[in-house]
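Residue numbers (the numbering used here), protein chains in the order written: chain E, 253 to 357; chain A, 24 to 196.
Because the hints were derived from the structure by calculation, they are not lab data. For each residue, glycine too, the CB sits at the ideal point set by N, CA and C. Watch out, some of these pointers could steer you wrong.
[Said to hold, decoys possible] These stretches of chain A come out as covered by chain E in the derived footprint (C-beta under 8 Å, 3 or more residues):
id: 1; segment: 37-48
id: 2; segment: 51-60
id: 3; segment: 63-71
id: 4; segment: 76-83
id: 5; segment: 125-133
id: 6; segment: 149-160
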Amino acid sequence: MNVPLNYLLALSGVLFAIGVVGVLVRRNAIVIFMSIELMLNSANLAFIAFARSFAPAAEALRGHVLVFFVIAVAAAEVAVGLALIVVIFRTKKSIDVDQVSSLKG
Amino acid sequence: MNVDLILFIGIGLVAVISAISMLASQNAIYSALFLVINFITIATLFLLMNAAFIAMVQITVYAGAIMVLFLFVIMLLGAERLQPTGSMPWQLPVAVLLGVVLIAEVVFALFHDASNAAQGLSGNVTQGFGSPTSIGLILFDQYLVPFEITSILLLVGMIGAIVITRGRGKENR
Chain E
253 MNVPLNYLLA
263 LSGVLFAIGV
273 VGVLVRRNAI
283 VIFMSIELML
293 NSANLAFIAF
303 ARSFAPAAEA
313 LRGHVLVFFV
323 IAVAAAEVAV
333 GLALIVVIFR
343 TKKSIDVDQV
353 SSLKG
Chain A
24 MNVDLILFIG
34 IGLVAVISAI
44 SMLASQNAIY
54 SALFLVINFI
64 TIATLFLLMN
74 AAFIAMVQIT
84 VYAGAIMVLF
94 LFVIMLLGAE
104 RLQPTGSMPW
114 QLPVAVLLGV
124 VLIAEVVFAL
134 FHDASNAAQG
144 LSGNVTQGFG
154 SPTSIGLILF
164 DQYLVPFEIT
174 SILLLVGMIG
184 AIVITRGRGK
194 ENR
């Protein structure tokens with residue numbers, strides 16, 4: 253892929269910033285979680301771009317391995333996070349993050 | 024302007040527009056589907072960068088399993104739409120401003136030094152770079168302990184999700 257590395261890193265940064273704006277703007281807890289997934293994914297894009305950039309070296313594959321671990325951790329995080337959202341919805345009847353301001357359910 | 028650059032610009036535009044649409048749509052189902060589009064475009068970029076195994080993992084785990092879990096929870100709760108509360112109306116412009124500042128910082132940090140701007144991704148790759156065989160070799164050779172710890176992490180996540188959603192027993196039902 254004959255594209256400068258900076259372009260891919262810029263795309264990664266733009267996607268990360270969109271994820272940050274999503275976490276700040278939206279009140280829906282599920283959409284906030286999706287924005288976090290978007291941020292993790294943009295970081296993965298940067299990892300793969302750097303791995304391709306250092307491609308002839310054997311160490312470049314470590315970027316791929318790190319992306320693999322990030323995806324595994326994201327899967328575990330999503331399972332626990334969505335379980336928390338389900339429990340919050342059960343007690344509060346809403347997943348608006350503004351409603352979850354009191355500690356005692 | 025070569026073919027790869029045109030391809031990259033097209034895929035990047037789809038990725039950015041789907042990400043923005045994910046934020047803008049009021050229905051959470053549409054947000055999830057836009058995020059699926061975004062993940063698939065990113066997987067296409069992975070394929071273009073000789074990361075075949077990671078692209079397949081991205082599609083099966085992210086666009087498949089994780090997003091199905093999201094859609095399942097959205098439909099289970101019936102919480103596609105939230106009532107607009109409007110308690111903090113100044114939050115939206117401030118957040119957009121912060122996001123624009125972040126994008127500007129990223130672009131400035133990447134492009135203010137012209138010396139490394141021309142570094143391309145056109146270097147040669149060895150046969151089988153990024154294939155499941157090569158990833159598996161390095162994963163089970165150098166990264167065996169983190170790999171096993173990942174299995175424990177997934178087990179803990181699974182048990183944790185079950186325990187959290189199970190409730191506190193019969194007297195609370």
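Legend entry - Within 8 Å of chain E's CB atoms, at least three CB atoms from the segment 149-160 of chain A: coverage verdict: Satisfied; 5 residues make the cut.
Inset, instruction - Check whether three or more residues of the segment 51-60 of chain A sit with their beta carbon closer than 8 Å to a beta carbon of chain E. - result: Coverage by chain E holds for the segment 51-60 of chain A (4 residues, Cβ < 8 Å).
Legend entry - Outcome, coverage of the segment 37-48 of chain A by chain E - at least 3 residues whose beta-carbon is closer than 8 Å to one in that chain: holds (count 6)
Legend entry - Cβ contact check, 8 Å cutoff: the segment 63-71 of chain A against chain E, three residues minimum: holds (count 4)
Legend entry - Verdict on chain E covering the segment 125-133 of chain A, where coverage means 3 or more residues with a C-beta closer than 8 Å: This one holds; 5 residues, not fewer than the three required, reach chain E with a Cβ under 8 Å.
Inset, instruction - Between the segment 76-83 of chain A and chain E, see if three or more residues pass the 8 Å beta-carbon test, and mark the coverage as holds or violated. - result: holds (count 4)
No hint from the list above goes unmet by this structure.
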